[in-house]
Every structure is written in structure tokens, then in C-alpha cells.
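There are 4 protein chains.
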Amino acid sequence: MKTKHTLPQPFKGIVPPMITPLKDETNLDIPGLERLINHIIEGGVHGLFILGTTGESTSLSYALRHELVARTCEIVDGRVPVLVGITDTAAIESLRLADTAEKKGASAVVAAPPYYFNLGQPELIEYYEYLVERLSLPLFLYNMPSHTKIIIEPDTVKTLSKYKGIVGLKDSSANNAYFNNVMNKMKGRSDFSLFVGPEEIMAETVLLGAHGGVNGGANMFPELYVKLFEAAEKGDVLTVKSLHGIVMEISSKLYSLGNFGSSYLKGIKAALNIMGICSDYMASPLHRFREAEREKIANNLEEIKSKMLNLKH
Amino acid sequence: MKTKHTLPQPFKGIVPPMITPLKDETNLDIPGLERLINHIIEGGVHGLFILGTTGESTSLSYALRHELVARTCEIVDGRVPVLVGITDTAAIESLRLADTAEKKGASAVVAAPPYYFNLGQPELIEYYEYLVERLSLPLFLYNMPSHTKIIIEPDTVKTLSKYKGIVGLKDSSANNAYFNNVMNKMKGRSDFSLFVGPEEIMAETVLLGAHGGVNGGANMFPELYVKLFEAAEKGDVLTVKSLHGIVMEISSKLYSLGNFGSSYLKGIKAALNIMGICSDYMASPLHRFREAEREKIANNLEEIKSKMLNLKH
Amino acid sequence: MKTKHTLPQPFKGIVPPMITPLKDETNLDIPGLERLINHIIEGGVHGLFILGTTGESTSLSYALRHELVARTCEIVDGRVPVLVGITDTAAIESLRLADTAEKKGASAVVAAPPYYFNLGQPELIEYYEYLVERLSLPLFLYNMPSHTKIIIEPDTVKTLSKYKGIVGLKDSSANNAYFNNVMNKMKGRSDFSLFVGPEEIMAETVLLGAHGGVNGGANMFPELYVKLFEAAEKGDVLTVKSLHGIVMEISSKLYSLGNFGSSYLKGIKAALNIMGICSDYMASPLHRFREAEREKIANNLEEIKSKMLNLKH
Amino acid sequence: MKTKHTLPQPFKGIVPPMITPLKDETNLDIPGLERLINHIIEGGVHGLFILGTTGESTSLSYALRHELVARTCEIVDGRVPVLVGITDTAAIESLRLADTAEKKGASAVVAAPPYYFNLGQPELIEYYEYLVERLSLPLFLYNMPSHTKIIIEPDTVKTLSKYKGIVGLKDSSANNAYFNNVMNKMKGRSDFSLFVGPEEIMAETVLLGAHGGVNGGANMFPELYVKLFEAAEKGDVLTVKSLHGIVMEISSKLYSLGNFGSSYLKGIKAALNIMGICSDYMASPLHRFREAEREKIANNLEEIKSKMLNLKH
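Protein chains in written order, with the numbering used here: chain R, 7 to 319; chain Y, 7 to 319; chain C, 7 to 319; chain U, 7 to 319.
Chain R extracted, bound-state conformation:
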């Protein structure tokens, strides 16, 4: 293990939420994992986030989560900072995972609110205080109301940002009024990083000052998202519009098959499998696409690739 990265301040850029390549319910697809990590890092990303929603974290056994942390840190080998999702309903398991993350050389941990009991904001603040007092790695808050049933209110973000160990927020609400409200409350705090999850909104948030994106599509096309981020950071609106247009095509063509919330995740795994990178196995309760959807993904993938080529020429 290389010495771990200390996160720059502010930490910024594209930090793909890595899917978890699985052989079956209890085993990692190790060669796939290696190919995927290398593929992503070679795309120029600024970090790697494992065990998020896109990583199917909550569907994996605990043993597998710990194993994934170890293997990922090993393969990454210090090339980029590794962020580890420790979201759990049991704080004690979050801390155990954070401990492994620290030992294996990860740079930070990320925690969404506990997602079983319905909490109020005061309980949420106490919860994050409980974590931060016991963590050695820096902590990112993770706002994910569609899955956790609770919003980390802007005032709660502000309150928690006084802790040195809490260094940023990943917001996956897709509610930009909320996100801009948080940005406004945190302005001037270059030590607190603000990322959005949904790639459909990354460009505009970075144009207005956000620090980056934790965008699923960067599993497939890391370079595209890096370029879009760079253009947005520079305020190069023309390039942003053109690259953002491709991101919207990816969203529209790869993430919208089927009826349920998981079509995004199924689409990415199918595409990565078609691209020859890793297995598309999904842990229960989700299931990979069947042949019909897979074929559509394959066709749409070709279309997207040719659009990306056109762009280059």
C-alpha cells in the first residue's frame, strides 16, 4: 500500500461512484474490478468513491464490503484518493468499515443518514456527531432523500460543517434550489467541498461554483466527465453545452429502460459488461437486465460512442 492521499482543500473534480463488479452474490469479479479501476483512473478522474448507492453497498454482505475496500485500495495503489461509503443503519458497522478504510489507505469516508428509522434534524445532527467523534478519516455528508427518507437540511449542513472532521457534502437530491441554498450558506468555505451526484446537473452546479461531481456515467466514460468538469470550472459555456448534451444522451439512452428506480444502475452495469470491462451481476434485491433490454443498451451505446467521436473531430 502506498501512503494514502491527504485530500487537497478544497477537494474537487470528478469522483466516480464505482459500481461493484460481482461474480455472484458473495464474490467480487476480481479481474473485472481491476480493469474497471484502471479504466476509470486512466480517464483522469480526481478520486474514486466506492460503496455508494451505485456500488450497491447496502446489498453486499459485510465481509464483501470490507474485502472491496482492501482490494480497491490495493489496485488503486495511491494513484487517486479513495473515498469509502460507510452508510449504514448501525453506526457500529459504519465505524468498523471506516476502520478498514483507514487501515487500507483510503482518504475519506462518506455517510448518508441511517435509512430505517425516521429521524428529525436534531437526531441527525447527533448521529453525525457520534460518527465524527469516532472517525480518524475525514467525513463527507451524503444527502440522498429518495432512499433515506430524510433531507440533510441546509442549516444542518452548516451546523455540522463546524466540525473539522466533516469536510464536504455529496448531494444526490437533484434539487438545485436546495443545493444552491447550501452553496450560499457555505460560501467562503474553501475547506468544505460540495459535490452533486446526478450527472444531469453536474455541469451547471460547477459553473456556479460547486466543486465537482460523483457521477455514475464516469464508470463508463471517465474522460467525458472530466472534460465537462474542467470546462465548467473554467466557465467555458460553449464546451459545457456540447459535452453536457452528450451526458444527457447517456442519461436518456442508458438509464431509462424499465420501470423502477434502479434502471440507472442496471444500465451502467449492462454497458460496462458490453464494453468488456466487468460482470453485470447485481446483488439481490436488484437484477441485471434481461436480453431484450441488454440489446437496446448495446445499440444505444454505439450511438453514444459515435456522438462522442464526432465531438472529437
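Since the hints were made in silico from the structure, they are not lab data. Just so you know, nobody snuck in bad clues.
Copies of the same chain look alike in the list, so a pair counts if it fits in one copy or across any two.
Here are the computed lysine to any residue pairs in the SDA-like style, where the Cα-Cα straight-line distance is at most 25 Å:
| hint | residue 1 | residue 2 |
| --- | --- | --- |
| 1 | Lys155 | Asn124 |
| 2 | Lys191 | Pro16 |
| 3 | Lys29 | Leu263 |
| 4 | Lys170 | Met192 |
| 5 | Lys193 | Ile252 |
| 6 | Lys240 | Ile252 |
| 7 | Lys193 | Asp242 |
| 8 | Lys191 | Ser152 |
Based on the hints, put chains Y, C and U in the right spot on chain R.
Just chains Y, C and U, lined up with the frame of chain R:
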């Protein structure tokens, strides 16, 4: 009555959702209405939207709604296009209001989904088809899921956009992944206008190609929103950031007192009253701010005005 | 017009939420209305509730609502108390309708919370206080969170029950923990009537002390619901189980076709039309069943009728 | 370990969802656990359910969950059937816990839907099929929409009930229209047990044919709930009303302090501690009551006890 405006294609810019100046539960504050309309139009806006959520439409008696349409068109006198909210649970009352709008010289009508029964998308499509077949004025869809309990899905917008009489969408969801998805589906359709409601997200959506904002703050500071729109349309990111910063201060300082969803609306009415423009009376079930909040609004208003002045120098 | 009924204390029994027989979007089916009212009253019900959710109140024009009040009171002619739904987003229109109700001889009015703006409990209390101070007829609260987006909390019911003019609650939440909580808070208050809307839960609530049901199925089979109520009031569990079984069959066979929340309402209107009582026209945004569903309703209706016959022998 | 109970068909009665006595975040309060189990069993209950919502299952480390299964089965020692909650977002961990349950002599397992990803009904059916094919113990479905964000639709219950290994449903929705709908669909299936969670609705559901209650209050007063169940099963409405009245007092006086959803759980733990039975420690993210609430609980507990005494005399 001047000959009414035919909407340009695409219709774009700042179209303030006008608050309704009220003397009491059943009477308009007519001098206030006149001052307010003149104040807004002199700010350079591109249209005026009455009887929306910000206009407390659903709290007004039917007689008052019809009266407001007549008075507004009279006072506007053809200076800008007038858009009239006809949102209702009873389609027949929507049509009656549209009829008044047409007769008095309004340029378009705007309808959110009926908000009592829980509908599915097919029922929603049938509903808008029912309206559009009976309307003589062009119709804007109005997505307002927090109040209507239903999202106008992007595919529904696409389906409905084939009707010549349906000419745009006002989206107040604040969900930019949704909005960008709609923009992507409608790209190339310069005859279909895409506006957002929440002013906190207007700048970024226009930067990426949206047509404008229906922003409550433009009741108070129309010029600010017009300038922000123009900067965003030009892709002038620096100016956008600076003006957007003031909009976020307005949102943070004027719209966030009190506990409930209506603090935005109470804040605008209080501010307009403090500015000497019109009454702050609110129709039941809402109530204007009491003295304590009103004082805070007055102080915060001063702060915002001085920031705006600094900007000019 | 007969002298109106003063409601007994406590008011109890079966008070069918009458569907509104419509010829088309703007006209009542008058002969159907007469047949329906007579059919219901001859079933032995204890009151009649018009302009509720089942009555499509929010889909009707204001003129039609007022006309329905007048016509119904005329046809009922003092045989049972008439309760009039005045639920509206505009308090002023609620009061106007209450005025008509009072003039035409109705006995009480019923109001769900305003259903457009998102209110808090304090605003809800102020709203009902506003109404009750201006009403001459007694008022029933109407809890309908699936449509209004707000629960009338048990403590709010308790607070409002101190007003002499507020005489009861109709709860359509189907949440019996909520309802039992309200019953517990109001115990000993024989002057405050507690009714439930969903017929699927009427029997058990009356067994435990509730005052009655506002059950849609009583449009079709008033006698069944009256007998079930009487058995439940007496604590005759065997009869309750047997009659409740038929009510559940009605619910299962007539209210569950199609995908959306309105299948209950479509089912009742179809059945009444098949029974030769009145038109099944529904006001926009809802639509009556098409032929396929109608045939199923016809078949299921036969099945239910034969079960009811078996019961009698 | 005694030979485990095979569940009778139908399984019925009072099956308390046991709270988990904790010394601290990672250790059981073993003497408290022993006192609690004996207290509950001596009250005449028909089974014991551990690791449910009331048992704070999702807040406990995995090691602790496995330990609790072992310890409980040991202490119960075959006196009543033990049901083990295996609800988890990772199916593999559910299966591991079910394996421990089987080895230690539990009689059945109970699983709510996975509660992180948003699933549709087809995915939910596949999920339960996945489980049931791999389980050796019988499985109860557990409907808990407020925590899991998904309803197990009545048709889904019906579909899943064809599997021999799925033997019942615990419904904690408090929606009795839903529950009666399920009862109606499952009538005649004496091999499929229907329980409700909320004690506020247990009496009425058993009066109409449900099999029993999984009621938190039975941690404190097992005998009360057993007597109420027996009276309801016999159709003894007078006794039901009287005992149900006390249950409603317990709900009103012990479960309603504080603002959030967990006041029920905090109330039970505080009361058990005051009664000298076990620790009131709660695992993160929840916290036990502070002194002020605890005093109120102590006072209210005295009141309730004296009501129960009056009843006996």
C-alpha cells in the same frame, strides 16, 4: 384594450408570477395593483404571469379571479404579454377563466394539473387534451408536484407538445435532473418554451439553454432578474455568478422566516408592503407576517438593497 | 322546503357520500338524482352527504355545486338531514356554499383542509377558526390526507372540538391507529360525532364506539350498510362478520378495476348506471369506465347481489 | 436447547416484538434480557418476536444480532416459539441470520422488504422468492411502509402465499382498509396467519378474524394484551372495549412524548427500565429519554397501573 400580444417564438425572458394585491378577502387593492404592475414592467420584464401559486390563485373567489384578469390587462395595456393561470380542479372553471383571459387581451394561459384527485399520466394527458381542444389562447403546462401531487413526466411533456396549442412548460419542481431531461427531449423545438419557477435555479438553466424564469423575486426587483437572465443567455458566467449571488441572498434573507411552505410568499408580500408598493394582505388559509417577522424582513431588505447598490458601482 | 333537521346528538348512523349524477360537464342528471336520492333514503340511512370526494365536488363548476344543494334539499324534503361538503381552497367560496346550504335547509356542512398550499397544524387551526366564526350551520371536519396532503392531527381535532360549531369528524385516512387515537381523546364527548369514510373499516370502528360511516357503497346498497351499522352498534359480532364479508366483496369486486385512485368512484358510478338508477358520466379530469370494465362490473354486481340474497334466506 | 416449536396452524395470539436490552452500543444487558423474557412469557404470550423494528434490529451490529438470537433461544428454552427478524438490505445477511435462527431453535423468521433501494412489486416478489427458496424456517412477510417505502400490495401477499414456506403476514401499516383487503383475499387459508403490529388496532382486527398482534406494549404488560386478544377472539365486545381502552391509554400516555417517530420505542424502553426490568440504553441513531421525559413516563405509568388494578376489582 390594446390589441393583445401574440407571443414570440420562442417566448423567453423574465415573466414574474405576480402576487395579488388584496385589500381584504374579497377586494383587490387597486392602487397597489397599479403601482405593482408599473413597477414590474418598468423593470424590463418580458411578460407578466397572474393567478399562479405566487398569486394565491386558489385562495381567491372566482369573481375576484375574473376581476383580476380584467384589471391587469387594462393596466398593462399591451406593454407586455399577460399570461393567466387557469389551474383549477374543475376544468369547466378553467375554461371560463381562459375565456375571460382571451376577451380581456391576455396572450396565453397556464395550467397545473388538477390537484385534488390523484391521477395517473394517461389521465393527465387526457386532461390537457380536454383543455387544449377548447382553448383559443396558447397553453403552458405548469409542473408543480409539491402542490399538485403529480409530476408531469418528461414523456408526457413530449406527448403533449405535439399539440399546436401547447406552447411551453413552467417547471416549479426545482428538480434540475427532471428539467434537463425535459430540455433534452425538447431540443430543437424553438416553438416550445421552457421556464423554471424557483429563482434559485434560473441562472443555471438559462446558461444551459432554458428560455427564462417565472421568478417571484421579480415582483420586488424586476431589473435584477432581467439582468441575470440576459447575462445567462449570453453565457457571461462572471456576471451570472455575481447577480445569482444576490438572488440567493434574497432567497435566504426574505423567504426563509417561519416554518411552512408559504414563507416565500409571505416574505414577498411583506417586502412589497415595506417598499410602499401594495398591501400585504393574504387570503385565507394563509396569513401575512406578524410584526416580529415583518421587522426582520425590513432589516434584511435594507441589507439586500445595499448589496445591489454595491454591485452597480 | 321542509323545516330543516337539527342534527341529533350524537349524530350517528350511515350517511352515504352521494355520487353526483351528471348529464354532462355542466348539467345534472335530474331524473337520476331523484331516483338515486329516493333509493338511498328508502334504504333507511340516517343522513345524506353531498359534494364530498365521492360527489366529485372539486370537479364541478360552482354554479353546479350550488344547484346540486338546492335540488337535493328539495328532493330530500326533510326526510333525512342533508350534509353539504364545502371543501375548497378559497375560504370565501366555502362560505358562499355554506350560505346556500343553510338557505336551502341543509343540516350541516363538512370541510376538508384546503388542498393546494402546504399548511402546518397552526395554520390549519386558524383556517377552521376562520370558517366556524362565519358559519351558521354546524361543521364537520374531514380528514383526507391522501388528497389534501395534510393530516388533521388528533390534538388539532381536540383543540377544534372546543368550538360549539364544530360537531364532528369524518376520517377517510383508513388509518385506524389515528382514528382510535382521536376516539380516545374525544371519549365522553357525546356531542362530537366520529365517522369513518372507507366502508372497509366501518364495522370495526363502530364496534369500538364510533358513530357511523360515510360509505360510498351505500349509494348502491344502503340497506346493507345500515344493517351492518346496527349490528356493530349492538355488538352483534356474528352478524357484523357476515355483513362485513359482503362489504369486502363489494370493495374487492367493484372498486379495484383499473390502475388509479379513482377506480372506487368509477366502479360505483358504473354500478348505479347498470342498476338503472342514474348516469355514469364523470366530470373532467375523471372519466367513466369503458365497455370492458363496465362488463366486468356488471358481472361482479350479479355475483354480489346473489350473495346478498343468500344472506337473507 | 429444547427441540424447537413447530408453529401451530394457524399460528395465533400475542407475539410481543421484544425490545433489545442493551448495556451499551455493542453489548447486551444479559440479566435484563433474562428478566424481560421471563416477564413476557409469564404473561401468557403465544410467541416471542426478536429483531423487529421495536428490537432496534437495524441499529445493532451483525455480531450482536446473532448473539441475541442465541441468547434468546437459550433463555426461552422452548417455552414459546421464537420468531426472528431477518430484515436486511443485503439478502445474504438475512440468510445468515436465518441460519443462526434455525440452528439455535427458533421457529420462524420475519422479513420486511429491503429498505434502501426503491423497488416495484415484481422486484419485491422476486426478492421474497429468492429468500424462501433458501430458507429452512417458515417465513412471515412484514409490511412496514413507513420505514421501507414500499407496501406489500394485497395481490403480492396473495401471490407469495402460494409458497409453502411463506406462512403469514405481520402488517404494521395501521391501514385497516389494506389489512381487511388482505384478510378478504386470504379467507379460508387457515394455514396463513395475519397479525397486526400497532396495538391500537389489534382488538378490532381480531374481532373480524385476524390471528393476533405483534404489539410493543406486551413487553410491559403481556397479560393485558393476551386477555384482550382472547376477548376479541371470543367476540366478547364488552371486555374488548374495556381492555382496548387501557391499551389506548398506554398508547396515549407512554408513546407520545417528543417529536419523532421513535417516541413509541423510547417510551417502552423507559417504562421497562422504571419497572426494574432492563436497561433503557438505545443504539445509535436513537437515544433514550432524558430526565424530563423519563419523569413523565414514570408518572403516567403509575396512572396506567392503577387503571389496570381498577379493572381487576
